[in-house]
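Chains A and B supply the protein sequences, listed in that same order.
Each residue of the first sequence is one higher than the one before, counting from 25 in this note's numbering.
Each residue of the second sequence is one higher than the one before, counting from 8 in this note's numbering.
It should be emphasised that the hints constitute simulated quantities derived from the structure, not laboratory data.
Using N, Cα and C, we set each Cβ at its ideal position, and we do this for glycine too.
List time: in silico DSSO-like cross-link candidates among lysine-lysine, alpha-carbon distance up to 30 Å:
{"hint": "1", "chain 1": "A", "residue 1": "K325", "chain 2": "B", "residue 2": "K390"}
{"hint": "2", "chain 1": "A", "residue 1": "K90", "chain 2": "A", "residue 2": "K101"}
{"hint": "3", "chain 1": "A", "residue 1": "K196", "chain 2": "B", "residue 2": "K322"}
{"hint": "4", "chain 1": "A", "residue 1": "K260", "chain 2": "B", "residue 2": "K322"}
To give an idea of the interface, some chain B residues facing chain A are shown, with a C-beta separation under 10 Å as derived from the structure:
{"hint": "5", "residue": "R307"}
{"hint": "6", "residue": "R333"}
{"hint": "7", "residue": "T342"}
{"hint": "8", "residue": "D344"}
{"hint": "9", "residue": "S352"}
{"hint": "10", "residue": "T384"}
Computed beta-carbon distance windows for the label pairs:
{"hint": "11", "chain 1": "A", "residue 1": "D220", "chain 2": "B", "residue 2": "P141", "range": "51 to 59 Å"}
{"hint": "12", "chain 1": "A", "residue 1": "R174", "chain 2": "B", "residue 2": "S254", "range": "25 to 33 Å"}
{"hint": "13", "chain 1": "A", "residue 1": "D172", "chain 2": "B", "residue 2": "K435", "range": "15 to 23 Å"}
{"hint": "14", "chain 1": "B", "residue 1": "P300", "chain 2": "A", "residue 2": "D411", "range": "53 to 61 Å"}
{"hint": "15", "chain 1": "A", "residue 1": "K260", "chain 2": "B", "residue 2": "E33", "range": "56 to 64 Å"}
{"hint": "16", "chain 1": "A", "residue 1": "Q99", "chain 2": "B", "residue 2": "K299", "range": "35 to 43 Å"}
{"hint": "17", "chain 1": "A", "residue 1": "A414", "chain 2": "B", "residue 2": "A179", "range": "53 to 61 Å"}
{"hint": "18", "chain 1": "A", "residue 1": "Q99", "chain 2": "B", "residue 2": "R366", "range": "48 to 56 Å"}
{"hint": "19", "chain 1": "A", "residue 1": "R96", "chain 2": "B", "residue 2": "K390", "range": "43 to 51 Å"}
{"hint": "20", "chain 1": "A", "residue 1": "S404", "chain 2": "B", "residue 2": "K390", "range": "40 to 48 Å"}
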Amino acid sequence: MQGVFAVPDAISRREALAGLGASGLLFRKAASAVTTAAPVAPVAIARCKTYEPSELTPVLDGMFDKLGGLGRLVQGKTVAIKLNFNGGPTVRLGHLPLGDTHWPHPNLLAAAMHLMARAGARRIRLVEGAAAPRTDPFEEHMLDANWDPRQFLSAAPRVEFENTNYANAAKKFTRLSVPHGGLLFPAYDVNHSYADCDVFVSIAKYKDHPTTGVSTVMKNLFGLTPLTVYGNGAGKWEDNDLVYGNDRIQILHRGARQPAMGALPEIDPASPRDDNYRVPRVIADLTAARPVHLAIVDGVKTMAGSQTPDPWCTPIEPGVLMAGTNVVNTAAVAIAAMNYDPRAPKGTVPFERCDNKLLLAEQLGAGSADPSRIEVAGPSIREVMFDFRALREKRRSQRPDRPFGGRGRTQN
Amino acid sequence: MPTPDNWIPLRWPSAWVDPALLGLLEGAPFNCLTMEWNASLAPVAAKARAAGLSLVAIGNQAARSAGAAAGLESPSEALPIAPDSVWPGIAIQADGAEPSGPTANPWIDSNGWLLRLAKARSPRKTVWLMFEPPGAPRVVPLEAYLRAIADTGAWGGRWVVSLDSDLRGGLARGDVQALASWKAIAAAVAFFERHRDWSALEPLGVVGVVSDFAGPNETTSQEILNLLGRRSLAYRILEASAAATASLAGFQALIYVDEGAPAPLLRRKLLAFAERGGLLLAGAAWNRADGKPTGIDHPRVDVRRLGKGRLAISKTSDPDPFMIARDVHMLLGRTYDVARFFNLSAFLSYCAASSDRARELVQIVSFAIRFPNDLATAWVPGKYASARLWSLGSEGPSPIEMVPENGGTSLLLPPVPVYAGIELFGKKG
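Please build the complete structure, drawing on both the sequences and the hints.
Given below as structure tokens:
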């Protein structure tokens with residue numbers, strides 16, 4: 025493992041990381057050297073046109089088989105599945121339910137849970153930082169979105185829900201240190217569920233993102249950071265059992281202040297106060313600090329244009345699922361299947377304004393972002409490609425000032 | 008001449024002394040003019056009376072006496088006028104900011120709860136509200152008038168329509184835009200008059216608020232009604248004096264946070280409700296020996312097991328109505344929601360049904376000033392044969408596309424900038 029995290033001798037680690045946001049030449053030198061060392065694991069791709077369990081479950085089952093089977097991963101284990109509940113539960117793209125646009129579809133989640141239970145998972149814990157008070161049962165957040173939590177309770181024998189914005193029963197947060205010191209923070213304080221699990225799963229749609237270019241199973245990890253520590257109202261409302269707001273703009277995006285509740289401050293307070301610099305680094309840090317054992321990309325139905333619904337988003341039906349045991353690899357394949365270059369440097373599509381979080385994670389040794397190195401099982405990337413890039417260019421031609429959505433960029 | 012119960016009132020501006028301005032009432036539903044009397048209004052009063060309009064004196068005692076002397080009627084005792092009504096809308100602070108709580112939801116000023124309470128107290132009477140539009144420098148757009156009419160009409164009340172100085176002046180000058188606004192205002196009032204039968208429908212909701220709504224309990228209990236509505240948690244009102252003998256069928260949760268212990272009969276009734284499986288949220292004065300501890304870690308209520316149900320006793324004698332509304336919702340669970348709404352950021356809803364449930368009604372009053380053009384969705388837990396939508400400004404109802412979702416029905420709506428009335432027919436199962 026040590027070699028995986030090694031940075032080539034010719035370039036110091038500081039130079040390499042600085043180069044990601046500055047010199048394209050240095051960036052390319054660093055990246056090309058490291059990419060050969062970053063881990064790779066197969067990514068399974070399958071076509072799936074609907075969320076009907078009769079189609080979904082066997083397709084997913086076949087994909088897991090191609091990854092070596094779920095049994096070796098989950099048998100007798102506690103599994104934590106990080107959902108991707110971005111935006112409010114009552115905000116839809118037009119009339120479409122959230123599972124058709126920006127939350128992973130509940131039937132997909134239930135199918136994955138069913139297969140995990142069948143493979144012998146001892147306990148499945150659904151985890152997410154829901155912008156809801158501590159005393160609100162997490163299931164209520166699902167009901168607010170018109171999901172039925174009973175669908176998940178019946179999918180596996182022992183199912184738990186945890187709102188990871190709070191320490192909850194553990195009474196305190198768990199500190200996840202970033203290997204080799206971290207890019208923005210040396211460590212992140214998170215709910216115990218992210219540490220007290222044998223298997224960590226990230227499930228998310230693939231879609232565009234205003235701050236980080238694209239959002240998939242890697243960006244999902246940004247939500248590990250509890251709002252009570254890293255949210256706008258962190259340190260202000262806990263006594264009232266309330267979360268103020270639902271984003272992390274002040275601390276993680278802008279660096280206007282440091283985290284609350286005793287979490288470690290960032291490494292370099294003089295670093296750019298620019299979310300295009302900061303947010304990709306937070307994601308890369310978390311990718312390295314909390315390795316994902318199974319990443320599932322929901323591309324049956326999703327949307328192009330932003331992270332959360334706004335009038336500029338386009339609902340789409342690529343009809344594809346992807347899964348892998350390395351989250352960077354899986355994200356890279358998913359991004360390539362969006363007709364984007366997962367290795368594109370800052371300033372180019374899809375990372376026009378931000379640093380490339382995949383390359384940052386690759387630098388930390390979390391996984392390769394180079395699709396040419398990643399074995400794909402099932403249809404090829406080209407065969408399942410959906411042209412997000414063309415939709416992006418179309419939006420850009422219509423509104424050059426707002427290629428990522430019409431409601432600003434303040435969502436996390 | 009219409010009887011007081013049928014009066015459709017307009018506050019006649021004191022400066023409108025030209026009888027020709029009565030021409031504005033042509034085609035409008037108003038049949039009653041309220042006047043703050045001064046002698047220069049005599050020609051207007053004479054012509055209005057001749058046209059069959061009812062005239063009612065308002066204002067201070069002197070103005071009402073002068074009006075009575077001039078032959079104007081007094082507001083009848085049969086016509087309740089709710090005090091403390093407000094201009095409906097998102098509350099704006101003096102600095103122009105929108106005040107909001109820690110949930111970041113804007114505060115809504117509404118009279119919905121006030122009308123619900125008035126109707127519970129006087130079921131057969133139509134309540135008048137006499138709030139005024141905000142004065143300068145606030146500009147009052149047409150939408151604000153429509154919202155004021157909807158926020159009254161949806162709950163079966165009547166607003167004594169009062170015009171701001173800009174609109175009064177515009178109408179007096181014959182300004183085209185002002186006349187267009189006036190027509191829309193009149194049409195909105197007429198809409199709710201045409202649907203006056205809706206107020207006979209019975210409110211839906213599994214949460215009951217038990218209180219005397221008076222004295223030391225007035226502020227808390229009334230604010231609970233207001234904030235339950237803000238959560239779209241459908242509720243029904245039970246006057247404490249009648250609750251001991253009222254049917255509690257259909258309730259899943261009751262809130263009783265009045266000061267002091269309840270009367271013995273009411274106490275027994277509430278305990279029996281919980282023992283049979285209901286949730287009772289009680290004030291701090293409730294006997295803590297009732298029920299058994301559950302060990303639930305809750306910052307504001309002590310949750311106890313009582314028979315098949317639960318008793319949640321407030322830990323403070325001065326509970327926050329916002330928290331009570333939220334806690335009862337979360338302890339009960341959204342499973343019992345009578346409707347859910349999507350893409351409506353600041354709104355109130357009111358769900359009602361005929362006694363045979365053959366017809367249900369979901370009304371939405373939207374106060375949103377952000378993204379009011381988003382397509383909206385209302386979800387109801389049942390399945391229905393048909394649904395139709397009433398909007399202000401439309402000639403008639405339009406069919407609503409219904410889509411099965413989560414065991415119920417999603418009603419696909421257009422944007423709701425101000426108001427939507429949804430009629431549902433033929434509930435299945």
